[in-house]
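**Student:** Using the hints provided, position chains B, C and D with the ligands relative to the given structure of chain A.
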Amino acid sequence: GAPMPSFADKWMSYLFEGINDFNDKHSDVEIKMTDANEDPSKMLNDVDNFIDAGVNALLVVPTDIAIVKPIAKKANRANIPLVIVNRLPDESAMKNVDAYVGSESIQAGIIQAESVVGMLDGKQGNIAILMGVLGHEAQIKRTEGNKQVFSQYSNIKIVAEQEGRWDRAKALQIVEDLLQAHPEINVIVANNDEMAIGALLAARKAGLTDADLIITGVDATPDALEYLGSGLDSTVFQSAKGQGYGGAEIAYKLAKGEKVQKMNWINFELVLEEQKVEYLYKYQ
Amino acid sequence: MIKEASANARKTHYTEILNKYGMLLILILLFSALSLKIDGFASFRNIFSILEQVSMFGIIAIGVTFAIVTGGIDLSSGAVVALASVVGASIVTGTEGYGMTIFAFGAAMFVGSICGLINGSITAYGRIPPFIATLGMMTMARGVAQLVSNGRPIDASSDAFTSIGDGSIFGVPGLVVIYVLVAITCHIMMSRMSFGRHVFAIGGNVNTAKICGVNVEITLLKVYILAGALAGLAGAMLTSRAYAGNPTFGNMWELDAIAAAVIGGTSLAGGVGSVPMCIVGALIIGVMNKGLNMLGVDPYWQQIIKGMIIIGAVLLDAQKRKKA
Amino acid sequence: MIKEASANARKTHYTEILNKYGMLLILILLFSALSLKIDGFASFRNIFSILEQVSMFGIIAIGVTFAIVTGGIDLSSGAVVALASVVGASIVTGTEGYGMTIFAFGAAMFVGSICGLINGSITAYGRIPPFIATLGMMTMARGVAQLVSNGRPIDASSDAFTSIGDGSIFGVPGLVVIYVLVAITCHIMMSRMSFGRHVFAIGGNVNTAKICGVNVEITLLKVYILAGALAGLAGAMLTSRAYAGNPTFGNMWELDAIAAAVIGGTSLAGGVGSVPMCIVGALIIGVMNKGLNMLGVDPYWQQIIKGMIIIGAVLLDAQKRKKA
Amino acid sequence: MKSKTNSITLLFSNFTQLIKTITLMTNSDCILEMINVSKTFPGVKALDKVNLSIRKGSIHALMGENGAGKSTLMKILYGLYTPDAGGEIFFDGKPFNPKAPIDAIHTGLAMVPQEISPSANLSVAANFYLGREIKKGILMDQSAMNEKTNDILKELGIPMSVETLMQNVSVAKAQLLAIATAVSYDAKLIIMDEPTTALTESEVHQLYRIVKKVQERGIAIIYISHKLGEVFELSDEVSVIRDGEYIGTKKTTDITKEELINMMVGRDMDEMFQREDVIIGETLLEVRNLSLPGKFHDINFSVRKGEIFGIAGLVGAGRSEVVEALFGYKPAESGEIHLHGKKIEIHKPCDAIKHRIGFVTEDRKLTGLMLNMSVTDNMIMPELLPYEKHHLISEELARDVANSMKDQLRIKTPTVETIIGNLSGGNQQKVLIARWLLLEPEILILDEPTKGIDIGAKAEIYKLIVELARLGKAIIIVSSEMLELLSLSDRIMVMAEGREVGIVDRDNATQEVILEMAAGGDVPSQEEQELESEYQTQGVA
Ligand SMILES: Nc1ncnc2c1ncn2[C@@H]1O[C@H](COP(=O)(O)OP(=O)(O)OP(=O)(O)O)[C@@H](O)[C@H]1O
Ligand SMILES: Nc1ncnc2c1ncn2[C@@H]1O[C@H](COP(=O)(O)OP(=O)(O)OP(=O)(O)O)[C@@H](O)[C@H]1O
Ligand SMILES: [Mg+2]
Ligand SMILES: [Mg+2]
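Residue numbers (my numbering), protein chains in the order written: chain A, 1 to 284; chain B, 1 to 324; chain C, 1 to 324; chain D, 1 to 541.
Chain A on its own, in the form it takes in the complex:
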């Protein structure tokens, strides 16, 4: 059983692919996924339902990290191994979790921001941050990572922060408005690639060229990789398939009673134009 937070998110869809890959390769495995639509309550329902259906292991990408506690409690009560993927719960919650596969979201924000610092190379940076749906773990941590880095540099100023809801169209509209109100903006940092592409389209509309703006996203989706170098300046790769496949594998082992490592880190990797082909290849 694998309750998932959202089927509407592009990055997640590659994670699902990883899980499905594992599923297809092992004939003695059947993985069922559900969509919580980013609704924690729905996710709890899904967990209940899976436990009722008698699954051997739970593989969960939580909607937010606070939800892990009740999920762990339920899993423990039912004596079912629990693997958390992608979103790292706090320590007290981790006590009751059997394994974690993924990375620290804050890391993505830090890598992203550091790449911006590098590209600015001491020049004045006026930054707009596009955030995902407020309250989501990735939105909170990535933004936090961004700010952590930027606050150390006196040549960098955050001019605006707005909620782009992970959505390309919404980001497009916001960046249009921001560029109008703050022509001085020369860096746009987006919590994900879809919003970064929206920002890029808005910049093009405003007549700005690649040289005028630094735009950076997170996820390294194929779409984003296509835009890399032609407007998008960097993105951060987090192996979705790797997390999915790895998570499934660990859950499989736990279900069979094998011992596994508790923390399984999958690191973020910065992707610049040079690595475009290499990463595009990963999606083939």
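No wet-lab data here; the hints were simulated from the structure.
Just so you know, not all the hints are guaranteed correct.
[Said to hold, decoys possible] Each computed BS3-like pair below joins lysine-lysine, with the alpha-carbon atoms no more than 27 Å apart:
id, chain 1, residue 1, chain 2, residue 2
1, A, Lys205, C, Lys37
2, A, Lys32, B, Lys222
3, D, Lys295, D, Lys330
4, C, Lys222, D, Lys330
[Said to hold, decoys possible] Which stretches of chain D does chain B cover? Using the computed rule of at least three CB atoms under 8 Å from a CB of chain B, they are:
id, segment
5, 96 to 104
6, 308 to 318
[Claimed, not checked] Listing some non-contacts, in silico: residues in chain C with all C-beta distances to chain B over 10 Å:
id, residue
7, Gly151
8, Gly174
9, Ser274
Here the structure is a predicted model, which is why all the values come from computation and not from measurement.
Even for Gly, the Cβ is constructed at its ideal location relative to N, Cα and C.
**Tutor:** Then chains B, C and D with the ligands, alone, in the frame of chain A:
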């Protein structure tokens, strides 16, 4: 002629029963079908689990039913859940004991009531369609929830507090107990108290209600406060179940709640509705959700099937009534 | 007596003007206030930018206005936008030339019309409240959109296709041109054609409409097909603007669209509404969004302020009318 | 000329007013005194310094043409409208300024509104006690309410099951119930605004009985009606309003019908309508074996060009259903309709409209008005084609046509753009008649066409009907007003319990003959007795 008349009377009787219990029939059919397909679907455990899952938006649906019976609507309930959850969580976080738990539940309901009071005042005194008033409140309440929580989930893992969502009394989950209590209270309010009578009268014909001396404004105010308080209660329940308050909670719940009310036969034109049937409507949605998940239906298809079942159930009901 | 009567007549005149143009006044006030606060807000460039941003949900709002005037509603439009965008993008992806562009727009509108046809049939022939019919469709259309796209955005970067969203004619953005054309056509349909009269008649009193020989079912069918087709068009426009189709597009747009219609004075009880005022309503929302973004208001506060402005505008309008 | 007489009466009434005002202030004999009450709506001065005093325990008739302001005056009394500043109202000697109906109710007023629309979703008893539920603790005492309602209804002679939902109660019964409800309030003054429009003779007599009973208890009644007969039968005094102005008050015994009409319309007029003969042509419409199970059975009749064909019967006889079926609104299940000797199919109203059949329905609110649309829109709806230029509707053309109709039928409205909901009841009815006249119908069906219409307008409508007949149109008229049917129709079909009892010629038709037929023959049918006993048992239960 005499025979015909009595045949007619009997026919009316059938019609009435179908009108009243048609949806219950559909619920039973749905449940039976799924029980045949899925092992253990018809177990007590599973039924309680369905009830638990339904309890929160089911409670909202009861409040919404009141609003709809007056001819209004409440779109803000999902956002109020979020606000109440955040408020409840901030009160309870790091505390222990049932005193704070009760206080947190009370505060959540109070915050909900305030939202309801605003909805109600705008609707009753400002003469703004409740659709717009509560749509505005929906945006505002979520904004305030994010402001209060700074956009982050707030931990609510006080043992006493979470025991409400986790615990059970004589095997009945705590949330289900609350649901049942709320349902009984609201059913009595709606069907046996003059407040309920006035709610129906307003939905049936506002002008007549006014002429008969019903205080339309106050009644509407009470209705929206009730709906708000119940949404707040649901928010507290969710917080206790999820061990956290979160400004993203309750997203789109208002639509599920309205769907539950309407599937239960509440007329959006006002004047018709009941608490028991609203529960039946909520259960149809709950059973359907549980069944689709347990059958392992692809989530994309789940959405499509859900849409079809909602429309289908209401269609079936309408058709049957027409024929009868 | 004569003097008094003419004074009265003049008063009526004022009232009527206030009734008709009150919201326009509010729009102008809002715009002026923001122009004073923000440099360049009152520029052509900015006005076109607002119009462009408004165009998509503004077109949806026009379709929804028709539905609301009949006394119905359309909650599915946001989901239809998503479905149409996905369909449009899959057609256009990797192609070149205006032929495919037109085909993609046509297909998007066709898909929208099909959704509308289903909405309409269920409403008109199944006698299901449109709230439920379109709520079901909302879930279904989004499910189908995810199914078609496998949950991922579909690239739509055909030059011809994206030039619609990017280009401009004599300085007027392409999307604005489409908006204006749709608005003019729909305004004529609503105010000057018998179809429009029938729409009003149904909203005014269905029974009377029937007695007056209006084919209620066919008219409703047409209304929902129109609303669906316009949502489909908006989906294609968004796709061309965003260079991609995405099953997450159009989330909650239906609520913005309904808000625009109601702010524009369309009565949710049916029988009252107009296209120009619906545009005014959409512009109020658009100006507000733009202003809040340009002022750099904290996103939490933005939501709160938006809710207040929506309620405030309708409240102000209602108050003014009551006094006059 | 008219304005001169007007100003004279005005001067005169102003003078008497002055004296009255002075005497009234000290007059403890009056339950209600209204002094200089005015009300202005946007564009309309509905009431202009009206004075009215009602003596304790008297039945006071209030008369005036459609749109004179009678209902408005009563709505002010009941707290539904706020009057313009400057007037004064005293109730039982104390100043009285109701803000809402609840104030009026608490002060001792009750009202039967002109347009009764009970909450259809509530039961008879629930409606009866709406707003003043009997409680036991915090809960309602349902059985007590049922019992008491039952008792009161039995006492007033309206036996029925009190748990029936209002939506299953006929209009007539609902009207009687509204009256019973008003009576049951512990009121000192009851307002009845056109209580008999939905009633037939027998129920009207029931109403008389109730009204008399109420008066015996010392309760005063304001009785608004357009029917002179009722006024002279019931009232002690009668006041007249014309165009929002108070004309005067008279003791009913001191005034003749002619004088009263003169007060109302400002000129002499014949109350009795004398119709002239019209040449009757060939058969236009023939109805054969029309049936709709449960509603009506085996209806046969034919109507000729230039003929006025009446349909009589008691309420519930199925008259409306027959004409609704004829028009395709609720189509019959079997039977044939022939027009010009050819069989035609009518499944929907638009079929009927195509054959140029017009239909003024009986229920203005339910099937007549589009309340929030303009007078013009309400008029032109059945056929929009004549107003189209290049496929687009021409507002101008529509307005012109509506204006000419407004003049022709003397519809009292500020403009034809006015929302129809703001017109007085009678004027709304005129708009509906105008709607179907505009269709230039060959056959015009009128179901209770003069419901709530004043004497002057009634005469005009009668003239119009005869004029249409003269032009070779066929008219079918359903009416509960016996005099109306008798004076208008060439032939009258009488229905009872969904069946055609017979067709009577003009020469043979008298009130007695028709009433006897409508009652279903000499003896009440078995079913009727059954029903009666059923009511009795239900009443006891
Ligand atoms: N709400 C309103 N808004 C505007 N005008 C109104 C309103 N109500 C009544 N009027 C106008 O006031 C005048 C008096 O109407 P009212 O209903 O009192 O007449 P009435 O004497 O009761 O007539 P009827 O015999 O037809 O019932 C009419 O000209 C009517 O158009
Ligand atoms: N079962 C019922 N449900 C609802 N209404 C009913 C029912 N039975 C009778 N009525 C009402 O009884 C009334 C009388 O029926 P019908 O219209 O056939 O009588 P009629 O002879 O045309 O009388 P009228 O002159 O009042 O029109 C109708 O107005 C109808 O609404
Ligand atoms: Mg009146
Ligand atoms: Mg009838």
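**Student:** None of the hints should be skipped; say for each whether it holds.
**Tutor:** Status of each hint after checking the structure:
no. : hint                 : verdict
1   : A/Lys205 to C/Lys37  : holds (24 Å)
2   : A/Lys32 to B/Lys222  : violated (45 Å)
3   : D/Lys295 to D/Lys330 : holds (11 Å)
4   : C/Lys222 to D/Lys330 : holds (24 Å)
5   : 96 to 104            : holds (count 3)
6   : 308 to 318           : violated (count 0)
7   : Gly151               : violated (7 Å)
8   : Gly174               : holds (30 Å)
9   : Ser274               : holds (17 Å)
Checked against the numbered hints given earlier, this structure breaks hints 2, 6 and 7; the rest are met.
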